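Enquirer: Those protein sequence lines, which keep their order, are chains A and B. Just so you know, the numbering used here puts 72 at position 72 of the first sequence, and the rest follows in order with no gaps. Just so you know, the numbering used here puts 52 at position 52 of the second sequence, and the rest follows in order with no gaps.
One or more hints might be untrue.
[Claimed, not checked] A few chain B residues that face chain A, going by a derived Cβ cut-off under 10 Å, partial list only:
(1) Phe-144
(2) Ala-307
(3) Ile-316
[Unchecked claim] Rough simulated footprint, nothing fancy, chain A against chain B, three-plus residues with beta-carbon under 8 Å:
(4) 56-65
(5) 375-386
Just so you know, the hints here were simulated from the structure itself, not pulled from any lab data. All values reported here derive from a predicted model rather than from experimental measurement. The beta carbon of each residue, even a glycine, is placed where N, CA and C say it ideally should be.
Next come the chains, spelled out residue by residue.
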Amino acid sequence: MIHGIRTFLYPACSGNDMDFYLQQLPQQLVNGLTLGGVYALIAIGYTMVYGILSMLNFAHGEIYMIGGFVGWWVLHLLIGESGPVLHVSLVISLMLIIAMGMTGLLGIAVERFAYRPLRKAPRMNLLLSALGVSIFLQNLVLHHQGAKARFFLVSSLIPESLRLFQVGEVVFSFMRILVIVVAFLLMTGLTFMIKRTKVGKAMRATAQDIEAASFMGIDVDRMIVFVFLIGSALGGAAGTLVGLLFTQVDYYVGFQAGLKGFTAAVLGGIGNIYGAMFGGILLGLLESIATTFFPATYKDVVAFVVLILVLIFRPWGLMGEKVPEKV
Amino acid sequence: MGPDGREGPGKSLMRPEIAGIAWSQRQKAMGFVLIGITLVIVPHLMPNNYWLRIYGMTGIYVMLALGLNVVAGFAGLLDLAYVAFFGIGGYLFAFFSSHHFDIHLPFPLVLPLSALVTMGFGFALGAVSLRLKGDYLAIVTLAFAQIFKLLLFNLDRPVNITGGVNGIFNFDPIEIFGFKIVSPIAYSYLIWFLALVVIIGSFRIKRSRFGRGWEAIREDELAAEAMGVNTTRMKLWAFAGGAFIAGASGTLFASFQDSVFPNSFDFQQLVVIYCMVILGGMGNIVGVTLGAILLSILPEFLREYGAYRMMFYGLILIVLMALRPQGLLGEIGFLTKKMKRPDKDETGVLKASTDLYYDVDSMKAPRKAGYSIDRRPILELNNVTMNFGGLVAVDHLSLTLREREILSVIGPNGAGKTTAFNLISGIYPPTSGKVLFEGTNITGLKPHQVVEIGIARTFQNLRLFNKMSVLDNAKVSQFCRTKSGPLSILLRLPRHRTEERETEKVAKEMLSLFGARLTGYRFDQGAMFLSYANRRRLEIARAMSTNAKLLMLDEPSAGMNPQETVEITEFIKALRDIYGYTILVIEHKLNVVKTISDRVIALDYGRKIAEGSYEEVASNKQVIEAYLGRKKN
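With the hints as extra help, turn the sequences into a complete structure.
Expert: Below is the structure:
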């Protein structure tokens, strides 16, 4: 993913010249918004799990990566010798749906086998188990798919005329718009579900107080499963979207993306879904603007430094609330 | 156990196997000789150089795992930047003894130098991430590890510092006092000698004030702080200690491999080291050593399944956390001596210890001469206010506590009693107002400083160090009275030994005030196995072991049955009358309040609504209203 971004987006930017920067700004905003949408989708998975179990689902990055692989696999199946066998929109929808379905199920499996047995255990054990899941999934994919990146044959999917177009100075690509739109739709759907449906209400109650929720007749276990399903599915969708955008996926992308998603979640205030959306977009914008100032090799450092600063100075995030420890 | 340990009130309570200790020391010496012989012989038994290298790597892994065991095992800090310290140690060796910068320092200088520099990095990381706990600490340290790796990869331009992807290689051969260390056998000796040093050091530090302080932090950080452990400093020491060992291991590793490159210090390596520590059981030195040996050698037998290696490590973590989070060796009986069960008689029937633990005769004795309430004030609160974002939990509270006085604080739930305790003990700094102890301003001091100055507390909802033994719980409290640093602990300097004896003496003395309930075989029992009432007693004994003058007891009789309540009531009185403590107590049982109090204050909605003798307060109209509600006119 990192390579993809670098070569795809920033072939020209090296100067720190202010004029150059101002010229680049609108383009960077668009790029940042795309990246931000992806980060937001990943961050939601972290924040939902954290909100309900107060645990850091370390394996979420790998689920994102597997989402990318599933998307690639579906695309690979649906592209024949002379282009896609189905309509483009159908292909992309199928990629997303199948990737979301598979990663959702994977999320449930991870919860069932690695986290549920530890529900009452100290938090450190949970985190270590999550670390184990992460390493396991990563190396499972490495073993199964090899270390080489898989390429999304986007060129045969979308006609040349649609791929890139320019509005003024800013270059849009079809995929960029697709990513923004899909991310926006998914987040709207999630917001609606949480705010307006019965399940959403139950989820909010469980996140507030898991014990009280269970006393009020909410099947807490089912809520947790549900949270893993939705969070992982969104992570899987992000994986596929990034695959379409940067046209490649490999076994190692989950690690970085996971850290970025977590950074976004913390930036917005972990446990807060809207915070995660906001934090994702903010981080995307920050990163893409920062690339005009720093050499591209140090781009990731930006996210890490943001993460460290936020956690040290405002661990409850930009939108979260400080809760004093009860003694 | 020194001669002073046998005097004093703890005399009859000493562990019965004093003779056994001498025997076990001989056993220990035998053990050392055996280990020494093994270490001399084993390298010569290796079939070829390949296995000799594995043997050497195993020693490095033992050191690494034990270093991580200091941070993650002893102190419970999930440090995911650990592998970066290993890397720093390695690269430092590359900088200091190769043609890369053309610096050629001798190895006996490079080894401590790079360990110390790495330790400095450990301090720095600790200082930055001090306020973080659990998951947040893990993720921040992981981010640091990632930055470190990015730097390793990219700092070959514009100036070549790290050598980029290819790393640095071809180092000076190392030489120690004239002996050239070149052959794998020589390396094996060097590595395993240092590994042995680390193992012994681990044992020494674990059974010291440092080890107890870390364990207390791991069990309950807030309680540790409230018992006088300088948690900030101890966490820094944990990071630094781990980093020191990792730095030394890294230096050895670099020299052993004759090269360093970024991929030796990546996330996978970290997971391998974590697996070793967890497999052996966090904090369990023997276990971690065996875990490191097992996981270094086992993959060699499973070479044909090499591709599955990392998957296997992932599975180890998941399965162990679910089934045996204490590790393979944790809490296994065969390594520890079988305890006799003095709580059972010959027929195996449980003996209940119902004897009173305070001295009945001394209770009947008249109060010590000169005791009267109007002595000098020991604790003063001036208009102390605590505002939790709009909720005023304590509202302009003023009170004066005189020496050797028992002052009870009563009030309905949510009246701000416990918050007042938290303000005095420094857990929250008050929003405004002043707290004075013996005339000095202690407002805004940290809890451990408050303990050091002479105020100790208990917790309403019991915050014992559950996995630590009863004796160790009390010993933790002496942390702020002892000053030995890591050097005197590791070298067993006289200062450390004197302090250890003193610590043991005080802890046993305080526990013995509670008679058979906290002494004898119970010294070695885990706090979690005590009955509820005994846990309350241990809370008090633990607070007293800090050598405090002022005890703050938060509902000492909560959850006790009527007889136990009577006992604890008498005991609290004895604390004042016989041992001269000043006591501030929160209590709901009014008969207890009536019996023990010299004075009573009533709080409601954070304000003081009444003050005076029990009778005055109990008949105060506002107090009755606060408890029962206003009468309908």
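Enquirer: Does each hint hold? Answer for all of them.
Expert: Now for the hints, and whether the structure bears them out:
| no. | hint | result |
| --- | --- | --- |
| 1 | Phe-144 | holds, 7 Å |
| 2 | Ala-307 | holds, 5 Å |
| 3 | Ile-316 | holds, 7 Å |
| 4 | 56-65 | violated (count 0) |
| 5 | 375-386 | violated (count 0) |
Comparing the model with each numbered hint stated earlier shows that hints 4 and 5 do not hold.
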